[in-house]
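Chemist: Here is how the chains run, residue by residue.
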Amino acid sequence: MDTDRERHRARETAFYLFTQQSLPACKPVLTPGWVIAIFLFMGVIFIPVGLITLRASHCVVEIVDRYDIDCVPEPSRMDKVSYIQDDSIPKNCSHFMKVHKYMKAPIYIYYQLDNYYQNHRRYVKSRSDKQLLDGQKYHDTSSCQPVESNNNRPIVPCGLIAWSLFNDTFEFIREGAELKVNRKNIAWKSDRGHKFGKNVYPFNFQNGTLIGGGKLNPEIPLSDQEDLIVWMRTSALPSFRKLYGRIEEDLDVDDVVVVNLMNNYNTYSFGGKKKLVLSTSSWLGGKNDFLGHACVFVGCSSLTLAIIFMLLHVKYRRPYGDMSYLPWNRKSFSG
Amino acid sequence: MVAASSRKRKGKIRWSKLYSFAACFRPLTSKERLAARELIGQPGFSRVVFCNEPHLHKRKPYKYPYNYISTTKYNVLTFLPRALFEQFRRVANFYFLLAAIFSLFSLAPFSRASLIAPLVFVVGISMLKEAVEDWHRFLQDLDVNNRTVKTHISNGVFVDKLWKELRVGDVVKVNKGEYFPSDLLLLSSGNEDGVCYVETMNLDGETNLKIKRCLEASLCLNEDEEFSKFKATVHCEDPNPNLYTFVGNIEFEKESYPLSPSQLLLRDSKLRNTDYIYGVVIFSGHDTKAVRNSTRSPSKRSRIERKMDHIIYILFSMLVLVSLVSSFGSLLYLRQDMVDWWYLQLPDDNKVNDPSKPVQSAGLQFIRALILYGYLIPISLYVSIEVVKVLQTMLINKDIELYDDVTCKSVQARTSNLNEELGQVEMILSDKTGTLTCNQMEFRKCSIAGVSYGGDITEVDLAASMRMNADFEPFEFSIDETDGATRSFEPFEFSVSSFSAQNGNARLTKTEGPVIKGFNFRDDRLTNENWIHGSNLFDITMFFRVMALCHTGIPLEDDNHKMDKLSYEAESPEEVSFLIASQEFGFQFCRRTQSLMVLREFDPSSMKEVEREYKLLNLLEFSSSRKRMSVIVSNEDGQIFLLCKGADSIIFDRLADNGRAYEQATTMHLSSYAEDGLRTLAFAYRTIEAAEYESWNTIFTQAKATIGPEREELLEQASETIEKDLILLGVVAVEDKLQKGVPECIDKLAQAGLKIWLLTGDKRETAINIGFACSLLRQDMKQFHLSLSRDAESNNQVKDMKEDILQQIESSYKMVCEERNKEAPFGLVIDGKALEIALRGDVKDEFLQLAVNCASVICCRVSPKQKALITRLVKQYTGKTTLAIGDGANDVGMIQEADIGVGISGMEGMQAVMASDFSLPQFRFLERLLIVHGHWCYQRISKMVLYFVYKNVAFGLTLFYYELYTSFSGEVLYDDWYMTMFNVMLTSLPVIALGVLEQDVSSDICLQFPALYQQGPRNVHFSWSRIIGWILNGVVSSLVIFLANIYILSPTAMRENGFVADIDSLGATTYTCIIWTVNCQIALITSHFTWIQHLSIWGSILLWYIFLLVYGALPPNFSGNAFQVLVEGIGPAPLYWMITVLVVVVSLLPYFIHIVIQRSYFPMDDHIIQEMEQCYKKYDVRDNEMWVREQRNSQRSTRIGFSARVDAKILSFNQQLQQKKLSIYRSVTNSPIYRSITTSPFS
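These protein sequence lines map, in sequence, to chains A and B.
1 is the number of the first residue of the first sequence in full-length UniProt numbering; add one for each residue after it.
1 is the number of the first residue of the second sequence in full-length UniProt numbering; add one for each residue after it.
It is worth saying that the hints were derived from the structure and are not from the lab.
Hints may be right or wrong, so weigh each one.
Stated by the list, open to error - Which bits of chain A does chain B cover? Going by a derived footprint, with three or more residues having C-beta under 8 Å, they are: (1) 68-75; (2) 83-90; (3) 108-114; (4) 121-128; (5) 181-190; (6) 252-266; (7) 302-315.
Said to hold, decoys possible - Distance windows between CB atoms, simulated: (8) B/D337 <-> A/N264: 21 to 29 Å; (9) B/D337 <-> A/T209: 29 to 37 Å; (10) A/E74 <-> B/V325: 40 to 48 Å.
The beta carbon of each residue, even a glycine, is placed where N, CA and C say it ideally should be.
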């Protein structure tokens, strides 16, 4: 009872303080000391962090191999588009990748496309999440324009993204033995579990006159079509990598990996590049020095600033709370 | 012309106030009567009123409106369309309306809900606010409309009727002290002669009571029963706003009588000194002159808000620009590349991407881009500002320091639009009566026979000496230690300490005895009949007799009062104070008849009270040209005296050679009284031989009997011949009592750099007195008096008058320009007639130029319309923010015209308050309202708006940058709901907290350093450089955020398990950076952290994670691509958290470096004061020596106000001291005192 009343009173006074705008407050004032301390602190934090990230990035070994031109036979190089569109020409092609540094498993295999606008609004919108989850039980596929139905029957999975599925395939051979590529668990678990239906099978897919990209095995439910799932996580930028699989064996220095690939996917009509990337990963992900450089840069600038301000403070010290800077003490001040 | 004639009529009313000489009342001349008769029935004069037959006014053509008054903006039907219209007149709102309409088509880049919901929310809240404000107005109307008045129904029965039900033709009975419900025609009054007194303060601000008089024909209608058969028809002018004219006639018992304004009782005026009146309603409701005079209060917008519009335009141009870039870019892509992008299957159906029609597609892309980049336009800015302003208003209203215990009212901000405008005021136009003064006169001092009573020292001397003492003490101490040379300082020290000693005594005696209203005089030499011991007994008694006899007042027979003390009613409050004072001195004026005045005098010889009768022979009335009034009385012995009181200059001119005994001493006293702002009157008398009187009286009676224009001239001439050879008795000083705290408040406001103009309807002398009392004027100030010369005025030629005024202005301006000392203050006093000329088109620029260069301006005798006109011209000419403050209906025009209108709510009248934006119970609250709340609100709102701009630019531009990477297709990096949440939840609370609670310095310090206020008028916080700076800051932040994210996250894996960032991960990461950055940015802006700020800032950031978590946990049907994005996508990636830290630091770095440099090397006032506050936190702000010194330094440069006067005084003291020092120097050149003087604070 009493405590209740007390609490009530306390609330009342707090409200009173609020209305009188006299709530207890801290009023941090930026003093030279604080400034120098803050800059020093930033320098001390960011430089090591930057160095650590740089090191992590340097530990990552990455092999990038552009294959889209090499895989077109010399005679067809003048007209790559008709080459790729001509189904009668075999598209297989071999490439050599030399490992320049020891690569520890798992080694991630990415394909990289450049100048491919997976983030075009028309492209991004052309899908139906509901259909991906529910299959033909979900009828409305209007969001999938222009690839919604064929012969008056809905397409599963519908939409431009699925229709343009990337369909180059890669095989890796080291010293005559095939390297095992694990192509499971390359997609997000939540995608597999909650966004792509376990009982949804591709239906009426790539049956139209225009055939975009890869075909899907109608026997396998969408939740297991990890290539599709990865492809359908649209990339943010026109140059992107997508996970293809994992090599779960270490690669030694000077190992030569022969890649047998099927060069099916048409990037020639819009001048897109295709690259194959083998990369290990660190706790920070792939090889990217930007973060490390940025951190080191920020740290160094902070230290520099700290020193500059220190010098300035020593040389042109404005006494703290010095009244002579008040307007009425300055000569130029006039009413 | 109209004004001139109204003045003439007013003169008549004044004359009629001498009701004891009722015969003097001049009836209408036949000419005027004729004119009135001719006008009736003409267009504009067609109104017909059937008195006592209101039912006849229910049908046309005599159907007039009910007495219902409405001041609301909307009614139930018009609210929706009009309020909506108002809302969509705002450019930003209109833009979002269009965006919402477009969202109905597939073109829009966002979902419908995310576009429509914020708009509905924003507009809804604004409209709700409008509705609430209008509802309050409605309630106020209701209050007025539901007042009751006794109304005649039939057979002489009067019942209470609501004001709003009153109709034209109703006969009403109004009792003493009540307001008139509408414009009434006076039929009869409780006084036998049909006279009633009316207080018209609400209409014209004049404090004198006006006399109204009914027609003799209706005099008999002074009983309820008389009205059972009463019928009359009034023909009169149509409703118009002229307060001083009324033309009409009444047909009553088959006779027609002309009507004049003196029969018309106006709504909003009040019945005084009369028990009751009967009247018939002539104009009702919106037809009444008071209502016709009022204009609808315009909706005002603050300077910042107007500037905000320009910012919005800038942002709009940015929006259009980036949209153009987008559409042009898409055109290029469409033309060249996109045809080859087989994976898009172009063209699409909605024609946005049609390579065959690139221009059309680009056009559509343009529209889409306009909507897409809409986040550049801060939609929630308006609504946040409204919320903030309402909260600010609440805080202002709740401020306990702004609560007046006496009236139990507190400051009310009636509109919340203008809070921040309070911080930018540069000019205050103030009414006098009721605003600065309480309309109450107090008898303060007098000088009788060359001796001054009631204290010598003025407040200024006192303050100056106190301060010098304070400065002196440490100095004195040092001298004491050196040697005994202190003695040589004694004279000065003495003069200083004697002031304080006297003051101490005065203070002591002040607390003794009962407080008598109108009498604030303590001097033991005069009170309690001690004056009998005075040396000049005869002069003293004569002095008191003048005081008790020379007036037009009457004692009130009030049962409530004790028999021995009477209270009085008189034409002006100062006469009342004289009567009260003379009663206190033992000369009680107890009765008056037509020709007899009875005094109860204390007789010094018998030491008893005796009743003496004085025969009132003549009364030479007061007029503004004569500036004096006299009575000629004969005492019981048959001696004839002329007792005269008047302005000192007039009296001194008329003294007899032997009557100048005290002239010199009195003059000295006069000037000291005047400097204290006391109103002074000189008293004089002469004895008249019976023969001389007889011969004069015949001339005078003749003059009085004359009818025609020359009458007044003759009367004046006659008076002139008798009012001469006077013997000076002394002077009295009455104080037009200022409201509590007014001088201090004006002082503070002056220190804050505000200019104060006094606009009053009162006469020039009063205005100047008050100018002195408020320290707006001081003795060493050069004063310019602009008035029409007599010649110019009598010619009545506009051209002459113009030239006259122009010449005066030019010569004054020359003086201002020639003055070498830049700090020398000038005062300008101008009266209404001169003002009328000065405000004409071709003169006004010169006039305003002069006025603006004067430290203080006093306009006297100005009409309400002129007040409004001055306000408007000053506003236009100077372009400065003006604040008008007043209390009566006569100030309404000025209140509405000014940028901020303030009404004083302490008085009864509500018109000013109703028209005002802020209402104060007392003038003194203006200080805190402006210097504390105004300063705060200005800072808050400007910081808030700038931050809003920053926030939206920083966010909106990332959308644009992303477009560069998506071939301008209109894809959005973020989920729709992130974006909707941005302004609504994730960044709104900190900015509201900033807008409500931010304080650069505490309220105490604001008040201690009024000079800080100058930040507002100089607009340092909302200058264009700041605005541009913040926009640039936003651009930098957005660049840092976007580029860092793009380069760090792409194209390699972002996690150890090899996952790469897709569009959703990148979006969520970038968005996290934005949320952190903008919220940390506001933490950098905030200088005052209470737990609310902490909670809102850090809570908002936390809220984003919570939102992301919850939203991600929803089934994919709702969350779409954001499904599990935090838990599975970005959360486990260390990179995500590192990016956040890095980006926040880098994007805030430019701003941080900027404030560091500014604070360290170019500090602003508030920065230093904040530092001082920190440094000296442990000391009390008021006591600390350093504070006091700084405070004084800050005051140095003001030119008006009490402090300025004290400074001037100190200067003159110092000069005296200097002379003293010289003499010391000469005498003791070698003594150590010499050294200490040179190091003294005075040197």
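Chemist: The structure should be examined with respect to each hint, and the outcome stated for every one.
Modeler: Outcome of the hint check:
1. For the segment 68-75 of chain A, the stated coverage by chain B is not satisfied: 0 residues place a CB nearer than 8 Å to a CB of that chain, which falls below the threshold of 3.
2. With 0 residues having a Cβ less than 8 Å from any Cβ of chain B, the segment 83-90 of chain A misses the three-residue criterion, and the hint is violated.
3. Judged by the Cβ-Cβ criterion of 8 Å, the segment 108-114 of chain A is covered by chain B as claimed, because 3 of its residues qualify and three suffice.
4. Counting residues of the segment 121-128 of chain A whose beta carbon lies closer than 8 Å to any beta carbon of chain B gives 4, which reaches the threshold of three, so the coverage claim holds.
5. Only when three residues or more bring their CB closer than 8 Å to a CB of chain B does the claim for the segment 181-190 of chain A stand; here the count is 4, and the claim holds.
6. For the segment 252-266 of chain A, the assignment as covered by chain B is violated, since 1 residues bring a beta-carbon within under 8 Å of that chain's beta-carbons and 3 are needed.
7. For the segment 302-315 of chain A, the stated coverage by chain B holds: 4 residues have a C-beta nearer than 8 Å to a C-beta of that chain, and at least 3 were required.
8. For B/D337 and A/N264, the hinted distance range of 21 to 29 Å is satisfied, since their beta carbons lie about 22 Å from each other.
9. Range check, B/D337 to A/T209: Cβ separation about 24 Å, and the 29 to 37 Å hint is violated.
10. Remark: the range hint 40 to 48 Å for A/E74 to B/V325 is upheld by a beta-carbon distance near 42 Å.
Violated hints, listed in ascending order, are 1, 2, 6, 9; each of the other numbered hints is respected by the structure.
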